[in-house]
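**Q** In the numbering used here, the protein residues as written are 1 to 546.
Honestly, the hints are just simulated from the structure, not real lab data.
We treat Cβ as the ideally placed atom computed from N, Cα and C, and that holds for glycine.
A couple of the hints might just be wrong.
[As the list claims (entries may be wrong)] So the derived label-pair ranges between C-beta atoms look like this:
no., residue 1, residue 2, range
1, Thr134, Thr47, 30 to 40 Å
2, Lys253, Gly388, 46 to 56 Å
3, His168, Ile518, 26 to 36 Å
4, Glu127, Asn73, 53 to 63 Å
5, Gln509, Thr47, 47 to 57 Å
6, Lys402, Ala285, 36 to 46 Å
7, Gln288, Lys248, 10 to 20 Å
8, Trp28, Phe422, 18 to 28 Å
9, Tyr330, Lys234, 37 to 47 Å
10, Ser292, Gln528, 31 to 41 Å
[To be verified] In silico DSSO-like pairs for lysine-lysine, Cα to Cα no more than 30 Å straight-line:
no., residue 1, residue 2
11, Lys393, Lys455
12, Lys268, Lys404
13, Lys222, Lys266
14, Lys404, Lys455
15, Lys107, Lys156
16, Lys346, Lys128
17, Lys70, Lys138
18, Lys107, Lys222
19, Lys266, Lys234
20, Lys186, Lys138
21, Lys404, Lys352
22, Lys179, Lys249
23, Lys329, Lys352
24, Lys393, Lys519
25, Lys398, Lys322
26, Lys266, Lys346
27, Lys210, Lys234
28, Lys181, Lys137
29, Lys70, Lys56
30, Lys404, Lys393
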Amino acid sequence: MHIELIRDRTFMDELLNQLDQNQALANWDWFQRAYQISDTLLIPDSTQLTALDLLKNVSFLPHQINTAEKVINEMNGRAILADEVGLGKTIEAGLIIKEYLTRRLIKKALIIVPASLVNQWQSELYEKFFIKTTIAKKNPDWTLDNIQITSIDLAKRDPHRQIILEQHYDLLLIDEAHKLKNKQTKNYQFAQAISKKYCLLLTATPIQNKLDDLFNLVSLLKPGLLGDQDTFLKTYTQGSKELDQELKKLIQKVMVRHLRQDTQLKTKSRLVENITISFSDEERAFYQELESASIFSNNATKILHLREFCSSREALYMTLNKSELDEAKYLIDQLQQLPHHAKALKLVELIKSINDKCIVFTEYRATQIYLQWLLKEHGISSVPFRGGFKRGKKDWMKQLFKDKAQVLIATEAGGEGINLQFCHHLINYDLPWNPMRIEQRIGRIHRYGQQHDVKIYNFSMADTIEDHVLSLLYNKINLFERVVGDLDQILADLNLNSFDEEITQIMNQSQSIGEIKIKLNNLAEVIQEYQYEGIEDDDDANRESS
Numbered sequence: 001m002h003i004e005l006i007r008d009r010t011f012m013d014e015l016l017n018q019l020d021q022n023q024a025l026a027n028w029d030w031f032q033r034a035y036q037i038s039d040t041l042l043i044p045d046s047t048q049l050t051a052l053d054l055l056k057n058v059s060f061l062p063h064q065i066n067t068a069e070k071v072i073n074e075m076n077g078r079a080i081l082a083d084e085v086g087l088g089k090t091i092e093a094g095l096i097i098k099e100y101l102t103r104r105l106i107k108k109a110l111i112i113v114p115a116s117l118v119n120q121w122q123s124e125l126y127e128k129f130f131i132k133t134t135i136a137k138k139n140p141d142w143t144l145d146n147i148q149i150t151s152i153d154l155a156k157r158d159p160h161r162q163i164i165l166e167q168h169y170d171l172l173l174i175d176e177a178h179k180l181k182n183k184q185t186k187n188y189q190f191a192q193a194i195s196k197k198y199c200l201l202l203t204a205t206p207i208q209n210k211l212d213d214l215f216n217l218v219s220l221l222k223p224g225l226l227g228d229q230d231t232f233l234k235t236y237t238q239g240s241k242e243l244d245q246e247l248k249k250l251i252q253k254v255m256v257r258h259l260r261q262d263t264q265l266k267t268k269s270r271l272v273e274n275i276t277i278s279f280s281d282e283e284r285a286f287y288q289e290l291e292s293a294s295i296f297s298n299n300a301t302k303i304l305h306l307r308e309f310c311s312s313r314e315a316l317y318m319t320l321n322k323s324e325l326d327e328a329k330y331l332i333d334q335l336q337q338l339p340h341h342a343k344a345l346k347l348v349e350l351i352k353s354i355n356d357k358c359i360v361f362t363e364y365r366a367t368q369i370y371l372q373w374l375l376k377e378h379g380i381s382s383v384p385f386r387g388g389f390k391r392g393k394k395d396w397m398k399q400l401f402k403d404k405a406q407v408l409i410a411t412e413a414g415g416e417g418i419n420l421q422f423c424h425h426l427i428n429y430d431l432p433w434n435p436m437r438i439e440q441r442i443g444r445i446h447r448y449g450q451q452h453d454v455k456i457y458n459f460s461m462a463d464t465i466e467d468h469v470l471s472l473l474y475n476k477i478n479l480f481e482r483v484v485g486d487l488d489q490i491l492a493d494l495n496l497n498s499f500d501e502e503i504t505q506i507m508n509q510s511q512s513i514g515e516i517k518i519k520l521n522n523l524a525e526v527i528q529e530y531q532y533e534g535i536e537d538d539d540d541a542n543r544e545s546s
């Protein structure tokens, strides 16, 4: 019996044909793809983080490891990291990036952070995780397969914007992501248009109670997870407990949020001291004159001017000087005859008694300049820090504060995101009425790595609107020692706006200072009553379980 063997000559014929025509024998893209697949298969099939063995120098906290594992194993690398301020979101993000690098799943990454934090991100990623990055400056090469750090302001400008949108990134990370909550803005649309495999959004601002913001951020990560926006808003604005739980389960698919009390982080205590200062007789007379002045177009404008005077003569002068009204010019003449501000003199006294490094926060640049001059007059070294400084100057000011100066005087924009754990005294020279901004201030020093108890000093002028806000709200609801996210959750349960929005509404809609005081007092009592009921419910639950 004869069996004829027929060999398939397709491969040989194709090979000989390519040789005859001098064609390429291989495709580099195919080879690279095959190599990546085979390389990935070499990694053990495990949910454990392989990068931990390479990072023996870093003491990770359990919640940080848990976050990285959850993002990688359950969320497919697309997540909102929303831990409370100071719990180490940068550490979590760095661990996730390191793990993906170890598994060779990322090579080209873009990290978008506030301009003031670019150098800080680069140093932390290298010092803690040995991750080399490039800072994008004036003429960056966006086509390189590396990890680049940039600011949104640079990246969104042409020609950078167009080149970035032509790239595909293995990973996109955006810090301070709550600033992208409005999908109508160019920043949001730019972030949405970037081609990316993995995506990390970092924010300490609680967003879970603002449905629009929540929908927009989640849509950046997983479009369609929450359905279409109209249906989503109609469904979840009803506010039933069942729907709230359903929404919470949905959000947990893309968001990881830890509060300080949920972690094993042994943080240092917050020691709060409220310091009430009395005006001099001349200042009190001027304050009352300002309160009854007729130059204000509305009550909100009057409150603004009163707050400015509670800060410094200079802050109020900068506003009054823009007016052409005779009464404004009269007030300026009166203002210029006043002695040094009582609050500023109290600051000098306090800093001398502390005799250690201090951060002073003010709302106004004019006050910042005045305080720096006054401290110098009293032999106290200080450096300014504000949002208008370029990146290099901010780093220089921070280093001068660390090495030489006793005091850093920061405005709100200047204090965003900087880490100053080497200092543990914070003076709120002016108090913002936005609790999240207060938490962000405190978070500059009360954070992972702080070695001392943090001392917070809150200034207010006696018998003024700022004094009333401090005593009624911050003292009654214990804002400086509680979690802002919890406070917003209380208001959400009561079908109210966020704390900041409630305060703004009260200020704008009230016709007099007296009406403002009554409404603030009512808000504080509502929150207190809810807190008391919550404690009783917890006690009842504990008795039933025991």
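**Q** Indicate, hint by hint, whether the structure satisfies it.
**A** Cross-check of the supplied hints:
no. : hint                         : verdict
1   : Thr134 to Thr47: 30 to 40 Å  : holds, 31 Å
2   : Lys253 to Gly388: 46 to 56 Å : violated, 40 Å
3   : His168 to Ile518: 26 to 36 Å : violated, 58 Å
4   : Glu127 to Asn73: 53 to 63 Å  : violated, 27 Å
5   : Gln509 to Thr47: 47 to 57 Å  : holds, 53 Å
6   : Lys402 to Ala285: 36 to 46 Å : holds, 43 Å
7   : Gln288 to Lys248: 10 to 20 Å : violated, 50 Å
8   : Trp28 to Phe422: 18 to 28 Å  : violated, 50 Å
9   : Tyr330 to Lys234: 37 to 47 Å : violated, 55 Å
10  : Ser292 to Gln528: 31 to 41 Å : holds, 33 Å
11  : Lys393 to Lys455             : holds, 27 Å
12  : Lys268 to Lys404             : holds, 25 Å
13  : Lys222 to Lys266             : violated, 34 Å
14  : Lys404 to Lys455             : holds, 21 Å
15  : Lys107 to Lys156             : holds, 22 Å
16  : Lys346 to Lys128             : violated, 41 Å
17  : Lys70 to Lys138              : violated, 37 Å
18  : Lys107 to Lys222             : holds, 22 Å
19  : Lys266 to Lys234             : violated, 42 Å
20  : Lys186 to Lys138             : holds, 21 Å
21  : Lys404 to Lys352             : holds, 16 Å
22  : Lys179 to Lys249             : holds, 24 Å
23  : Lys329 to Lys352             : violated, 36 Å
24  : Lys393 to Lys519             : violated, 43 Å
25  : Lys398 to Lys322             : violated, 33 Å
26  : Lys266 to Lys346             : violated, 33 Å
27  : Lys210 to Lys234             : holds, 13 Å
28  : Lys181 to Lys137             : holds, 26 Å
29  : Lys70 to Lys56               : holds, 21 Å
30  : Lys404 to Lys393             : holds, 16 Å
Comparing the model with each earlier hint shows violations of hints 2, 3, 4, 7, 8, 9, 13, 16, 17, 19, 23, 24, 25 and 26; every other hint is respected.
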